[in-house]
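Student: The chain contents come next:
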Amino acid sequence: MTVLAQTTFDAPVDVLNYALTLEHLEFAFYRDGLDEFAAEDFEAAGFDPAVFEYLGLIRDHERDHVETLQAVIGDLGGEAVEEAEYDFGYADVAGFLGVAQALENTGVSAYQGAAQFLIEEDALLTAALTIHGVEARHAAYLNGLNGATPFPDAVNPTLTPDEVLAIAGPFIVS
Amino acid sequence: MRNSNDRLANAFLANARRNATRRGLLGGGAKLAGGGLLVLSLGSLPRAARAQEATPTAGATAGDAPFADDVEVLNYALTLELLENAFYRDGLPAVGDLGTDGFGFSVSEQLAAIGAHEAAHVQTLTDVVASLGGTPVAEGAYDFEDAFASAEAFLATAAALENTGVSAYDGAGQYLSDPGLLTAAGSIVAVEARHASYLNLITDEVPFPASFETPLTPDEVLEIAGPFIAS
Numbered sequence: 001m002t003v004l005a006q007t008t009f010d011a012p013v014d015v016l017n018y019a020l021t022l023e024h025l026e027f028a029f030y031r032d033g034l035d036e037f038a039a040e041d042f043e044a045a046g047f048d049p050a051v052f053e054y055l056g057l058i059r060d061h062e063r064d065h066v067e068t069l070q071a072v073i074g075d076l077g078g079e080a081v082e083e084a085e086y087d088f089g090y091a092d093v094a095g096f097l098g099v100a101q102a103l104e105n106t107g108v109s110a111y112q113g114a115a116q117f118l119i120e121e122d123a124l125l126t127a128a129l130t131i132h133g134v135e136a137r138h139a140a141y142l143n144g145l146n147g148a149t150p151f152p153d154a155v156n157p158t159l160t161p162d163e164v165l166a167i168a169g170p171f172i173v174s
Numbered sequence: 001m002r003n004s005n006d007r008l009a010n011a012f013l014a015n016a017r018r019n020a021t022r023r024g025l026l027g028g029g030a031k032l033a034g035g036g037l038l039v040l041s042l043g044s045l046p047r048a049a050r051a052q053e054a055t056p057t058a059g060a061t062a063g064d065a066p067f068a069d070d071v072e073v074l075n076y077a078l079t080l081e082l083l084e085n086a087f088y089r090d091g092l093p094a095v096g097d098l099g100t101d102g103f104g105f106s107v108s109e110q111l112a113a114i115g116a117h118e119a120a121h122v123q124t125l126t127d128v129v130a131s132l133g134g135t136p137v138a139e140g141a142y143d144f145e146d147a148f149a150s151a152e153a154f155l156a157t158a159a160a161l162e163n164t165g166v167s168a169y170d171g172a173g174q175y176l177s178d179p180g181l182l183t184a185a186g187s188i189v190a191v192e193a194r195h196a197s198y199l200n201l202i203t204d205e206v207p208f209p210a211s212f213e214t215p216l217t218p219d220e221v222l223e224i225a226g227p228f229i230a231s
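Protein chains in written order, with our numbering: chain A, 1 to 174; chain B, 1 to 231.
No wet-lab data here; the hints were simulated from the structure. Glycine included, C-beta positions come from ideal geometry on N, C-alpha and C. Take the hints with a grain of salt, since some may be wrong.
[What the hints assert, rightly or not] Covered stretches of chain A, as calculated for chain B (at least 3 residues, CB under 8 Å):
1) 53–64
2) 118–132
3) 147–157
In isolation and in its complexed conformation, chain A is listed as follows:
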């Protein structure tokens, strides 16, 4: 995951591959987790039936983000990073939701930290911002499901790639 192990970016494609690395991680997480757990598992854990549907919607968003970033990177003549192998370490619905919360909140902060490297690319910047907002919506919802306030502070924390690596790295096997 060399794309995560950097503090700045040389080109817009590198910023987009950084975002794609995280979107791959998120999409794989929901795709596999929602395959492993059924709606009944969430209800048995005390959650409203809508929760399973909303998690499916989040999964679909992450897939859209992956496919869009792949297309844009291709358009720019870059090589899109591929999905890796992950180990999210959850054993039950509660564990799954805890990881989801961590991933979404980290995603928001990652986009926020990287956006400044697209400042010369108006269209790409705006596109990244439109993903950033959706990740923040996901994060608020997952905070709530985990019993945390959806909006813990007036200012959302910003993370550098190094800081993101420290959080997301342990989920990446290879």
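Starting from the known structure of chain A, fit chain B onto it as the hints suggest.
Tutor: Just chain B now, kept in the frame of chain A:
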């Protein structure tokens, strides 16, 4: 600048009011329309990218850009934050207890936290505009009468304001030239998106209605709201 900012604030309010009404009329059927003023549908990022690309180059003169400099962008954001701040500050005492949400939180307490965030955003933007040598816009006179008429109207208006706020920041971000200010604006818009998600949820809308947010320019907001502005 003062007049145009008041006009913008009132346009946002008019949008919120119209959105609240539309929600009331359409009920659950409005869900797929999105959580706010999502009249523009961005199905894919490349299309969004093309649309955005057209904006700065359209007229090829500096006069066509919606903002002359970073101070104007920040004053635009401040205009919206002032409106939001006044909305919660004056509305929460007016509408009374709002019950409990699906997470088990007191809605009134959550909205008080949102109100405090808006107050913090107002303070931060005011300070930054001043530190850049600009004149921060001041709070305007808003007509919240309809929005404060019931808890339902209040929450629907809040949802519309928050969702619109996200679109406004997303549309304006590209006009910031200072990387530090862009990151700061990002740290605010993320919080607005969190608010929007929550307010959608408690008003029976999908908290995250699309894979991408819908950026709006000030002109688009005014254009959409035009028919609803009395003067």
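Student: Does each hint hold? Answer for all of them.
Tutor: Results for each hint:
1. 53–64: It holds: at least three residues are needed, and the stretch 53–64 of chain A offers 6 whose Cβ sits within less than 8 Å of chain B.
2. 118–132: Answer holds; 11 residues pass the 8 Å Cβ test.
3. 147–157: holds (count 9)
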